[in-house]
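*Asks:* Chains as they are written, first to last, in this note's numbering: chain A, 1 to 243; chain B, 1 to 208; chain C, 1 to 285; chain D, 1 to 285.
By construction, these hints were calculated from the structure, which means they are not laboratory data. Do not rely on the hints blindly, as some may be mistaken.
Claimed, not checked - In silico DSS-like links for lysine-lysine, alpha-carbon gap of 27 angstroms or less:
| no. | chain 1 | residue 1 | chain 2 | residue 2 |
| --- | --- | --- | --- | --- |
| 1 | C | Lys233 | C | Lys191 |
| 2 | D | Lys62 | D | Lys22 |
| 3 | D | Lys75 | D | Lys53 |
| 4 | D | Lys275 | D | Lys233 |
| 5 | D | Lys255 | D | Lys233 |
| 6 | D | Lys282 | C | Lys282 |
| 7 | C | Lys22 | D | Lys255 |
| 8 | C | Lys276 | D | Lys256 |
| 9 | D | Lys276 | C | Lys276 |
| 10 | B | Lys189 | A | Lys35 |
| 11 | C | Lys282 | C | Lys233 |
| 12 | D | Lys275 | C | Lys256 |
| 13 | D | Lys137 | B | Lys145 |
| 14 | B | Lys200 | A | Lys36 |
| 15 | C | Lys137 | D | Lys255 |
| 16 | B | Lys189 | B | Lys202 |
| 17 | C | Lys53 | A | Lys36 |
Stated by the list, open to error - Beyond 12 angstroms from chain D on every Cβ pair, some chain C residues (computed):
| no. | residue |
| --- | --- |
| 18 | Asp63 |
| 19 | Ser65 |
| 20 | Arg67 |
| 21 | Gly74 |
| 22 | Glu76 |
| 23 | Gly112 |
| 24 | Leu172 |
| 25 | Leu199 |
| 26 | His200 |
| 27 | Glu201 |
| 28 | Arg249 |
| 29 | Phe251 |
| 30 | Lys256 |
| 31 | Phe261 |
Treat the numbers as computed from the prediction; the structure is a model and nothing was measured. Backbone N, C-alpha and C define an ideal beta-carbon position, used for all residues, glycine too.
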Amino acid sequence: MSHIHLPDGVLPVWLWASGFIIAILIGFILFRFTKKEALTKKLPLLGMMAAAMVLGASVEIVPIAYHVNLMVISGILLEPSLIFLATFVVNVILALFGHGGITVIGLNTLTLSIEGIFGYLFFRLFWKILKRLTPVAFIATFLALCLSTFSMIGVVGLGVSHYEELIHKNEGHGIFEFKLLKEKHDPHGEDKGKGEVNFRRFIAIVLSLSFLGWILEGIITTLIVRYLHRLRPDLLRLEIGAS
Amino acid sequence: MIQLSYLDYLSIEGRSFLHRLGPGWKIIGMLMVLSGIVLLRNLFGLFSLYGILLAFFFICRLPLRIFFLTLYPLIFTVLFIFISGFQLHFILLVFLKALSGSTGVVLLLATTPYPLIFRTLGRFLPSLLVTALFLTYRSIFILLKVLEETQHALYLRGGFQWKHPWRSLHNISNAFGHLIIKGIDASEKMYESMMLRGFKNKIHYRGE
Amino acid sequence: MQQGERIIQVDCITHVYPDMTKVQICGLDFVVNRGERVSILGSNGCGKTTLLKHLLGILVPKDGSVRIFGVDPGKEYSKIRQQIGVVMQDVDEQILGPTVYDDILFAPLNYGMNRAEAGRLAGSVMERLNLGSIKDKMVNYLSGGEKKKVALAGALVTEPELLILDEPFTGLDPVSRRELIGILNELNREKGITFIVTLHEVDLVPQMTDVLYLMHGHGDLSERGRPDEIFGKLKDLESFNLEEPTLTRLFKGLKKEGLDFGEPLQVDEAVEAIKKHWDAEKKVV
Amino acid sequence: MQQGERIIQVDCITHVYPDMTKVQICGLDFVVNRGERVSILGSNGCGKTTLLKHLLGILVPKDGSVRIFGVDPGKEYSKIRQQIGVVMQDVDEQILGPTVYDDILFAPLNYGMNRAEAGRLAGSVMERLNLGSIKDKMVNYLSGGEKKKVALAGALVTEPELLILDEPFTGLDPVSRRELIGILNELNREKGITFIVTLHEVDLVPQMTDVLYLMHGHGDLSERGRPDEIFGKLKDLESFNLEEPTLTRLFKGLKKEGLDFGEPLQVDEAVEAIKKHWDAEKKVV
Numbered sequence: 001m002s003h004i005h006l007p008d009g010v011l012p013v014w015l016w017a018s019g020f021i022i023a024i025l026i027g028f029i030l031f032r033f034t035k036k037e038a039l040t041k042k043l044p045l046l047g048m049m050a051a052a053m054v055l056g057a058s059v060e061i062v063p064i065a066y067h068v069n070l071m072v073i074s075g076i077l078l079e080p081s082l083i084f085l086a087t088f089v090v091n092v093i094l095a096l097f098g099h100g101g102i103t104v105i106g107l108n109t110l111t112l113s114i115e116g117i118f119g120y121l122f123f124r125l126f127w128k129i130l131k132r133l134t135p136v137a138f139i140a141t142f143l144a145l146c147l148s149t150f151s152m153i154g155v156v157g158l159g160v161s162h163y164e165e166l167i168h169k170n171e172g173h174g175i176f177e178f179k180l181l182k183e184k185h186d187p188h189g190e191d192k193g194k195g196e197v198n199f200r201r202f203i204a205i206v207l208s209l210s211f212l213g214w215i216l217e218g219i220i221t222t223l224i225v226r227y228l229h230r231l232r233p234d235l236l237r238l239e240i241g242a243s
Numbered sequence: 001m002i003q004l005s006y007l008d009y010l011s012i013e014g015r016s017f018l019h020r021l022g023p024g025w026k027i028i029g030m031l032m033v034l035s036g037i038v039l040l041r042n043l044f045g046l047f048s049l050y051g052i053l054l055a056f057f058f059i060c061r062l063p064l065r066i067f068f069l070t071l072y073p074l075i076f077t078v079l080f081i082f083i084s085g086f087q088l089h090f091i092l093l094v095f096l097k098a099l100s101g102s103t104g105v106v107l108l109l110a111t112t113p114y115p116l117i118f119r120t121l122g123r124f125l126p127s128l129l130v131t132a133l134f135l136t137y138r139s140i141f142i143l144l145k146v147l148e149e150t151q152h153a154l155y156l157r158g159g160f161q162w163k164h165p166w167r168s169l170h171n172i173s174n175a176f177g178h179l180i181i182k183g184i185d186a187s188e189k190m191y192e193s194m195m196l197r198g199f200k201n202k203i204h205y206r207g208e
Numbered sequence: 001m002q003q004g005e006r007i008i009q010v011d012c013i014t015h016v017y018p019d020m021t022k023v024q025i026c027g028l029d030f031v032v033n034r035g036e037r038v039s040i041l042g043s044n045g046c047g048k049t050t051l052l053k054h055l056l057g058i059l060v061p062k063d064g065s066v067r068i069f070g071v072d073p074g075k076e077y078s079k080i081r082q083q084i085g086v087v088m089q090d091v092d093e094q095i096l097g098p099t100v101y102d103d104i105l106f107a108p109l110n111y112g113m114n115r116a117e118a119g120r121l122a123g124s125v126m127e128r129l130n131l132g133s134i135k136d137k138m139v140n141y142l143s144g145g146e147k148k149k150v151a152l153a154g155a156l157v158t159e160p161e162l163l164i165l166d167e168p169f170t171g172l173d174p175v176s177r178r179e180l181i182g183i184l185n186e187l188n189r190e191k192g193i194t195f196i197v198t199l200h201e202v203d204l205v206p207q208m209t210d211v212l213y214l215m216h217g218h219g220d221l222s223e224r225g226r227p228d229e230i231f232g233k234l235k236d237l238e239s240f241n242l243e244e245p246t247l248t249r250l251f252k253g254l255k256k257e258g259l260d261f262g263e264p265l266q267v268d269e270a271v272e273a274i275k276k277h278w279d280a281e282k283k284v285v
Numbered sequence: 001m002q003q004g005e006r007i008i009q010v011d012c013i014t015h016v017y018p019d020m021t022k023v024q025i026c027g028l029d030f031v032v033n034r035g036e037r038v039s040i041l042g043s044n045g046c047g048k049t050t051l052l053k054h055l056l057g058i059l060v061p062k063d064g065s066v067r068i069f070g071v072d073p074g075k076e077y078s079k080i081r082q083q084i085g086v087v088m089q090d091v092d093e094q095i096l097g098p099t100v101y102d103d104i105l106f107a108p109l110n111y112g113m114n115r116a117e118a119g120r121l122a123g124s125v126m127e128r129l130n131l132g133s134i135k136d137k138m139v140n141y142l143s144g145g146e147k148k149k150v151a152l153a154g155a156l157v158t159e160p161e162l163l164i165l166d167e168p169f170t171g172l173d174p175v176s177r178r179e180l181i182g183i184l185n186e187l188n189r190e191k192g193i194t195f196i197v198t199l200h201e202v203d204l205v206p207q208m209t210d211v212l213y214l215m216h217g218h219g220d221l222s223e224r225g226r227p228d229e230i231f232g233k234l235k236d237l238e239s240f241n242l243e244e245p246t247l248t249r250l251f252k253g254l255k256k257e258g259l260d261f262g263e264p265l266q267v268d269e270a271v272e273a274i275k276k277h278w279d280a281e282k283k284v285v
């Protein structure tokens with residue numbers, strides 16, 4: 001679980017709506033400043049890498065939702081402007097078969113493309129400094145995933161007041177739910193701040209689960225990069241990065 | 001992953017009334033489901049919404065294995081439980097919302113061939129993006145074959161065994177590397193073919 | 001546009017691949033005249049595809065020149081694109097539309113035709129290739145043979161004057177092969193379409209070839225001529241990593257035993273030849 | 001492990017694909033005995049690959065049973081994995097090591113051998129298949145023929161008792177085909193390896209088959225026997241979407257004309273048969 005596909009219906013409207021707006025804005029800017037011909041030429045590559053990401057997302061390596069998402073390696077191969085569009089396409093398709101939410105396509109695109117874009121940047125940067133493929137690929141992946149997870153936590157954090165609202169809405173609401181709630185409540189009596197949002201616990205859980213994901217994804221990405229380096233070193237464009 | 005091609009297959013071969021309904025109506029229906037998810041705050045409303053979707057699901061005789069697909073988002077929704085104090089009301093609320101969303105889209109995709117969905121999206125999205133969606137979808141099926149064959153090879157040659165975790169990880173990574181290289185090769189061939197056939201900037205499709 | 005006009009001329013081109021493999025298509029010039037059925041026969045990896053890619057402007061030679069319909073394809077392929085239909089080896093990557101019909105419409109719509117005209121062309125090519133029944137099928141679910149036919153339809157729909165096919169028979173069963181050969185010959189006969197086919201199946205050559213080129217090594221074009229001439233003349237095709245057609249081997253074997261029936265390449269000709277000699281022999285004795 | 005022991009038994013299995021295509025491998029039971037060279041001949045899409053996938057436990061039948069080396073492959077393939085070498089159709093996807101040598105070491109290392117032992121096995125298989133010169137080549141620069149050989153080496157390296165090959169000849173030029181057939185026959189002769197090959201090239205069958213199965217429709221196994229028996233008996237292979245071997249067509253044609261030379265399947269036999277009759281005829285007259 002190196003990242004989270006936000007589901008529908010949890011986040012407040014203003015949050016996911018602004019996610020869409022920002023994603024569209026970025027997409028529009030990229031679109032304006034990329035040469036049309038260059039983009040047309042790269043469309044099949046974009047399509048194939050997006051397809052690889054969709055497929056990667058659907059092969060579960062450890063049952064229970066750990067899958068690779070190939071986002072960092074795609075970022076390294078596609079470069080930032082294309083990885084953003086590719087991430088958008090991937091999220092639309094994943095959302096279409098229930099993997100992530102429809103309303104959160106914008107937000108998911110933003111948080112996930114951070115992985116791709118920063119993966120690319122870190123990879124280039126560390127390559128200039130270290131010149132050794134294995135640590136560079138691992139650190140770049142690890143940091144990029146870290147960044148993306150924190151941004152996702154940040155996004156979820158922005159909705160805290162919304163969750164409070166959702167939770168409090170029930171008090172004095174339908175009797176049926178209230179009863180169930182009561183029963184549930186007693187054993188957890190010592191739980192401080194019942195009915196309150198406990199965002200810290202969320203962060204702790206997400207980070208501890210993600211940490212394993214970062215390591216695993218870091219290892220897999222490093223091994224993939226090494227494989228690519230042996231078979232098609234041209235794809236990684238390390239010489240350009242070095243100069 | 002066979003799921004995606006299976007969904008696609010159902011959308012073409014299915015004969016239920018939802019299959020026959022125009023894609024526009026179904027997308028409007030999907031938008032209604034989404035606004036329900038966004039607006040509804042009481043469990044009764046959400047239960048009803050989910051119930052209606054489930055009813056559609058079984059009236060259209062969609063197979064059970066497709067139903068399991070709709071449960072996927074729960075894995076992530078579980079995390080949100082930790083935000084609240086494990087209150088059943090909140091849990092049910094977010095679960096039902098997430099489930100309604102995923103059931104809605106799966107219902108849409110299982111009863112509507114994807115070109116029709118993309119075509120409808122094409123009225124709102126820039127053509128370049130729609131072309132990218134079409135190419136990605138086509139690419140998924142091209143790469144799916146590569147992926148399946150690679151999985152078979154790993155299996156037949158003992159590439160994935162729990163007793164050798166490090167080696168297995170190594171083998172899996174190589175397999176993904178192979179998938180990426182094949183994908184890039186295929187994208188080059190695709191580009192050549194597009195140029196030979198006069199591609200300018202969009203894929204034309206019926207009813208655009 | 002008279003019959004026989006020269007439409008392709010390739011003079012000794014050199015290409016260097018990124019991994020430094022050098023392909024030099026040399027020896028003989030590669031020329032094609034209008035209306036000819038041209039086959040390029042050679043083993044795997046001898047440079048057949050490289051030659052085709054130069055004709056299509058996908059590769060640009062380091063040395064030498066390529067002219068096709070009077071232009072240099074490396075620079076001006078878009079000018080002649082509509083005159084040429086192409087099916088390369090991996091048909092999967094060449095099928096771009098979501099359904100069969102959408103895919104066949106791909107080129108006409110890109111060339112700026114209106115939908116009515118494009119539809120008319122598509123209808124006619126689907127009828128010829130007998131694709132009507134799978135018109136609305138999603139391309140992802142086609143069988144291998146269907147994919148080849150759809151790719152061929154996509155290439156033929158714009159009614160090109162020249163058809164270029166790279167290894168079209170690989171992976172097809174004999175009945176599909178025969179069907180494809182029939183279609184090609186019919187197109188040549190009825191519409192005068194020139195076609196260039198690369199292949200390594202020697203037995204198929206006699207059925208669909210006016211002019212045969214042999215290629216070996218890394219791009220060496222060493223023979224040009226009528227198939228029966230070439231198969232008769234060569235002592236062994238083995239040096240080309242090719243096998244002689246079964247019948248050629250049979251009749252060469254018989255000749256060695258003192259029985260000369262000529263060198264027929266097709267089964268019915270062979271039956272006739274043996275029969276004729278047999279009857280003649282009887283009379284003589 | 002005596003010669004002739006039954007190692008595979010498939011009883012009328014039914015498989016339903018997700019798209020509801022039903023393949024019923026029935027009619028005859030599919031049985032293989034140790035040491036046999038078995039060919040399954042059938043057109044594209046008739047269910048050959050489906051049968052093989054059931055043998056390998058990749059597919060699990062809805063009805064019917066599969067036994068191979070005494071186990072049910074759907075449940076316990078890992079138990080017999082080391083006894084079986086497999087080359088499926090898309091060799092590209094089966095070559096997983098970055099270099100040829102890495103790929104050949106793949107299975108032995110997965111099976112827990114140490115590097116020295118694995119290296120010894122790899123060395124011996126590379127020698128047999130003559131792969132020494134490309135040992136360190138990157139796999140994506142291999143030619144089609146080389147890829148098949150590398151995949152075969154990867155399957156043979158663990159010294160399996162049974163070799164399963166799906167359409168190994170597709171896309172190979174005749175010389176590579178002949179080489180492959182030679183290797184298979186040699187392995188069968190010297191090491192007693194049993195092999196099962198699916199193919200649609202009728203002409204290749206006589207050169208490498210003890211037991212021939214014909215398959216058509218959706219999995220109908222309709223004939224089992226020696227190749228010459230089957231080809232002689234059947235009036236037409238066309239109903240199987242297959243073409244008869246060139247020589248069979250020739251000799252059937254001659255028979256129709258009143259010239260009966262028997263039904264040889266190989267060129268040298270054919271030369272001999274014609275020669276013999278010719279000489280006999282002369283004497284009679």
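*Asks:* If a hint holds in the structure, say so; if it doesn't, say that too.
*Replies:* Hint check:
| no. | hint | result |
| --- | --- | --- |
| 1 | C:Lys233 / C:Lys191 | violated (32 angstroms) |
| 2 | D:Lys62 / D:Lys22 | holds (10 angstroms) |
| 3 | D:Lys75 / D:Lys53 | holds (13 angstroms) |
| 4 | D:Lys275 / D:Lys233 | holds (24 angstroms) |
| 5 | D:Lys255 / D:Lys233 | holds (14 angstroms) |
| 6 | D:Lys282 / C:Lys282 | holds (8 angstroms) |
| 7 | C:Lys22 / D:Lys255 | violated (52 angstroms) |
| 8 | C:Lys276 / D:Lys256 | holds (14 angstroms) |
| 9 | D:Lys276 / C:Lys276 | holds (18 angstroms) |
| 10 | B:Lys189 / A:Lys35 | holds (22 angstroms) |
| 11 | C:Lys282 / C:Lys233 | violated (30 angstroms) |
| 12 | D:Lys275 / C:Lys256 | holds (11 angstroms) |
| 13 | D:Lys137 / B:Lys145 | holds (25 angstroms) |
| 14 | B:Lys200 / A:Lys36 | holds (10 angstroms) |
| 15 | C:Lys137 / D:Lys255 | violated (45 angstroms) |
| 16 | B:Lys189 / B:Lys202 | holds (17 angstroms) |
| 17 | C:Lys53 / A:Lys36 | holds (25 angstroms) |
| 18 | Asp63 | holds (23 angstroms) |
| 19 | Ser65 | holds (28 angstroms) |
| 20 | Arg67 | holds (30 angstroms) |
| 21 | Gly74 | holds (25 angstroms) |
| 22 | Glu76 | holds (32 angstroms) |
| 23 | Gly112 | holds (37 angstroms) |
| 24 | Leu172 | violated (7 angstroms) |
| 25 | Leu199 | violated (10 angstroms) |
| 26 | His200 | violated (4 angstroms) |
| 27 | Glu201 | violated (8 angstroms) |
| 28 | Arg249 | violated (5 angstroms) |
| 29 | Phe251 | violated (9 angstroms) |
| 30 | Lys256 | violated (8 angstroms) |
| 31 | Phe261 | violated (9 angstroms) |
When each numbered hint is compared with the structure, violations occur for hints 1, 7, 11, 15, 24, 25, 26, 27, 28, 29, 30, 31.
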